[in-house]
Amino acid sequence: MNPFSVHGPRNLRGVIWMAVAVVVVAGGLAMASLLPEGSPFHASAFVVSLAGKYLAYAMLALSVDLVWGFAGILTLGHAAFFALGGYAMGMYLMREIGARGVYGNASLPDFMIFLSWKSLPWYWWGSEHFAWAALLVVAVPGLLAGVFGWLAFRSRVSGVYLSIITQALTYALMLAFFQNGLGFGGNNGLTDFKDILGADLHAPLTRAVLLVVTGVLLAASLLAARFVVASRFGHLLVAVRDAENRTRFLGYRPDQVKLLVWVFSAMVAGLGGALYVTQVGIINPGEFAPANSIESVIWVAVGGRGTLCGAVLGAILVNLGKTLFTAWLPEFWLYGLGFLFIGTTLFLPQGIMGLLRHVRKPPAEEVTPEVSDTQGGEA
Amino acid sequence: MRSACLVVALWLGAVLLPGACAYADAFSGLGSARPDEMLGAISTLAVSGDPQAGTVLRALGERHLFAAPDGGLYIRQGETCVDARTGQPVATVPDGLKPVRLNNRIRTALAGAQASMALLAPQAETRLKAADALYARHDPAMVPTLEHALSVEKDAAVRTRLMQARAATILAQPAQQDTQDQRLEAVRSLAAVGGLEARGILAGVAQSDAEAPQVRHAAQAAVSSMDWHLRAWSVAQNAFYGLSYGSVLLLAATGLAITFGVMGVINMAHGEMMMIGAYVTWMVQQAIRVSVPALEPVAILVAIPVAFVVCGGMGVLIERGLIRFLYGRPLETLLATWGLSLILQQAVRSIFGPTNIAVQTPAWLSGSVAVGGMDITLNRLAILVFAALVLGGLMLVLRRTPLGLQMRAVTQNRRMAALMGIRTPRVDALAFGLGAGLAGLAGVAVSQIDNVSPNLGQSYIIDSFMVVVFGGVGNLWGTLAAAMALGMGGKVLEPAIGAVSAKIAILVLVILYIQRHPRGMFPVRGRGVES
Chain V
1 MNPFSVHGPR NLRGVIWMAV AVVVVAGGLA MASLLPEGSP FHASAFVVSL
51 AGKYLAYAML ALSVDLVWGF AGILTLGHAA FFALGGYAMG MYLMREIGAR
101 GVYGNASLPD FMIFLSWKSL PWYWWGSEHF AWAALLVVAV PGLLAGVFGW
151 LAFRSRVSGV YLSIITQALT YALMLAFFQN GLGFGGNNGL TDFKDILGAD
201 LHAPLTRAVL LVVTGVLLAA SLLAARFVVA SRFGHLLVAV RDAENRTRFL
251 GYRPDQVKLL VWVFSAMVAG LGGALYVTQV GIINPGEFAP ANSIESVIWV
301 AVGGRGTLCG AVLGAILVNL GKTLFTAWLP EFWLYGLGFL FIGTTLFLPQ
351 GIMGLLRHVR KPPAEEVTPE VSDTQGGEA
Chain B
1 MRSACLVVAL WLGAVLLPGA CAYADAFSGL GSARPDEMLG AISTLAVSGD
51 PQAGTVLRAL GERHLFAAPD GGLYIRQGET CVDARTGQPV ATVPDGLKPV
101 RLNNRIRTAL AGAQASMALL APQAETRLKA ADALYARHDP AMVPTLEHAL
151 SVEKDAAVRT RLMQARAATI LAQPAQQDTQ DQRLEAVRSL AAVGGLEARG
201 ILAGVAQSDA EAPQVRHAAQ AAVSSMDWHL RAWSVAQNAF YGLSYGSVLL
251 LAATGLAITF GVMGVINMAH GEMMMIGAYV TWMVQQAIRV SVPALEPVAI
301 LVAIPVAFVV CGGMGVLIER GLIRFLYGRP LETLLATWGL SLILQQAVRS
351 IFGPTNIAVQ TPAWLSGSVA VGGMDITLNR LAILVFAALV LGGLMLVLRR
401 TPLGLQMRAV TQNRRMAALM GIRTPRVDAL AFGLGAGLAG LAGVAVSQID
451 NVSPNLGQSY IIDSFMVVVF GGVGNLWGTL AAAMALGMGG KVLEPAIGAV
501 SAKIAILVLV ILYIQRHPRG MFPVRGRGVE S
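Line by line, the protein sequences are chains V and B.
One point on numbering: in my numbering, the residue at position 226 of the first sequence is 226, and numbering is uninterrupted.
One point on numbering: in my numbering, the residue at position 403 of the second sequence is 403, and numbering is uninterrupted.
Next up, chain V with everything else stripped away, as it sits in the complex (with noise of 0.2 Å):
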């Protein structure tokens, strides 16, 4: 029934070789951006905010595949965490601008003013601090999972149920932040950063460092996923992914190892969200729709759900292939990512890396144990 190793991402080795590429092409991409512009090996600014924008998009993959490709759960609203966490770091970015701004306000954004406030709201708070960001940039969107998971998974929605809630939740934020009185700058969001920590976001050297840093925690992230996925944990979870009501009738909590693992995920799709804005200056209403979270499970799927290392090629493929096909033949990019949708679940369901294992041993060793439950239907 279920095409999944029961183990988890098997090679080690495989996530340690896609962590170190991922550091490897981050760190060998900044340093061509510092090179003079004359040079043949120089990296445009356009070509590293891609990049970075990449790897934000493979976090929020990764985290995407945590919970689908390992706990069985179909998120459609993953985007909503990778936004909120955006949007944490967008307060901290909008409050660097300080009196810089159009309205020379030290202490209010520009839209507040515009918005004729007098004071922040509360929730602004302490976003002049980094650390104070930074920690809202994961706390938030675990705050926001762990009750929307502790509400879902304790009385059993699961399976398309739980899709499409996942789906109004992000619609609903979408809706939300798209007004002006929730304080986020409605529909502009949060944009026209200048500074992180000081250091000037549009300079060179910024920049750079920023797309290590992106690579970097994409790699730690891998690897901690890894590590979770491999624990005695992971394997729990995978058991509650291909039998739940088995795995509850041997003692364990598949409610609880759910929610541990969904409120993870979150906090990687924040991180992800985090490094996204910084990256590409702007953050709006618009990353919630719905429409992208449902993009960031075909990334999954294209690279190979469960297997970690093919969220992330998938996402950095698929985005390619975006950025190409918008370029080259833009009426063209939807019926690409429709045929990709339909093509991946008809044709390629164990996704790239399904495809690369088949290469590499002979189909007749990959048969796993059957497992299968009483809920015959629920992939």
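Some clues are possibly wrong.
As the list claims (entries may be wrong) - For each label pair, taking beta carbons as the anchor points, the in silico distance ranges come out as:
1. V:L35 to B:A499: 47 to 55 Å
2. V:S39 to B:G498: 36 to 44 Å
3. B:L196 to V:F114: 30 to 38 Å
For the record, the hints were derived by calculation from the structure and aren't laboratory data.
Everything numeric in this text was worked out from a predicted model, so none of it was measured.
By construction, the Cβ of each residue, glycine as well, lies at the ideal position given by its N, Cα and C atoms.
Mind docking chain B on chain V? Use the hints.
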């Protein structure tokens, strides 16, 4: 009246004694430099019954009336001049024309004169309109005119309106001791009319210190009862909007609920099926306009079966070509149908362009009827009826046909149904086709109230999902209850917290509700249902 008689006599005299003065008729005062004479002339003209009177007064108001030094009056129409008295064009424009001046006093008198002329017009419609205008103006100076009009009016509707106009006018005058009874009667008359206008006048009376106590109390009572009525009607109006939105949601969600119930898959391309239904409506309208223009008003009725067949056929194709390969993997199906929805959106965008297309609303579906204090728009009412008919038809299909029986069997226990000889793949294909066809019907309905663009499906899909998970699957009553609850809930909350916040609140409430009832309001119970 007396002066009118006098002027008429003078006019007769002028006719009988030609040459006494070049122009000694009712018109001549208009050219006078003295405001008093002008005022007299205006009121005389108004009751003269002269066929030119209306034209001349209108020209005066628009400053197109000119006076010649010899007393002649001319109306300038662009480059040409017309003799005001005869309405005949004049060949040579006389020298020394001066525009007839207006001041505020004259303007007021002019408006009154025009109103009283309209009040005496031969057509009842014109009179009614004039009475409406006077009701809105409630100018104290018009009381005599109104009384005169009342004394000669025969038409009942116009009479009522005139009495109301008189009541409003009387109340607009400052209160005096001796007019108490009259004012009390006017308050009662206005209270019977209702409406914001009457409320405004009565509220003024209720607060006025100059008013006699019983008049004031009557006005206060009238105002509070009117307020209660207005509130009740606005609640009723919101309930109607809620029902209307609920019926749209019902149309959109039934198809989704059926495919989810029978096959356990969520069709993310369901919204695009609605969108295609709306585009089919447009194409049918265009085709009928070109081929049989006489049938254009009923094109929408023709579009209903066409949209059902087109979308249903596409649904069967999708099931046979895509969904069946993903059997048993509902989450992958969700992704694949999402991909399909992207392709369909882009295809429609490529063929028909990204902008809205104009789907016609036939005349018999446009406009609205006022029921008491609420406005029932005909297209929304039609959608309400249509949704009820579709639901009824679907009930019949599910309860009374072999296909319905098989679909219910597969919904309850797929394996058992297969063992009993039901060809489940065929049921799947037909159920999916039925669901898509229903989406097509929803598209026809939505094309009448919403913009039709390639993004149409996206705006309904999340609400439809909410209806399905809220109502539970395999039970049309659940879908009905959920659709109406969500539709009404949104519209009831809307006036209090705003449209977007209402939507957010509804989403959050549904999310919380699902935690308590993970299988919706009406879950399928029984042995076959998986945990």
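Structure-based check of each hint:
For V:L35 and B:A499, the hinted distance range of 47 to 55 Å is satisfied, since their beta carbons lie about 54 Å from each other. Between V:S39 and B:G498 the Cβ separation comes to about 56 Å, which falls outside the hinted range of 36 to 44 Å. For the hinted restraint 30 to 38 Å between B:L196 and V:F114, the CB-CB distance of approximately 35 Å keeps it satisfied.
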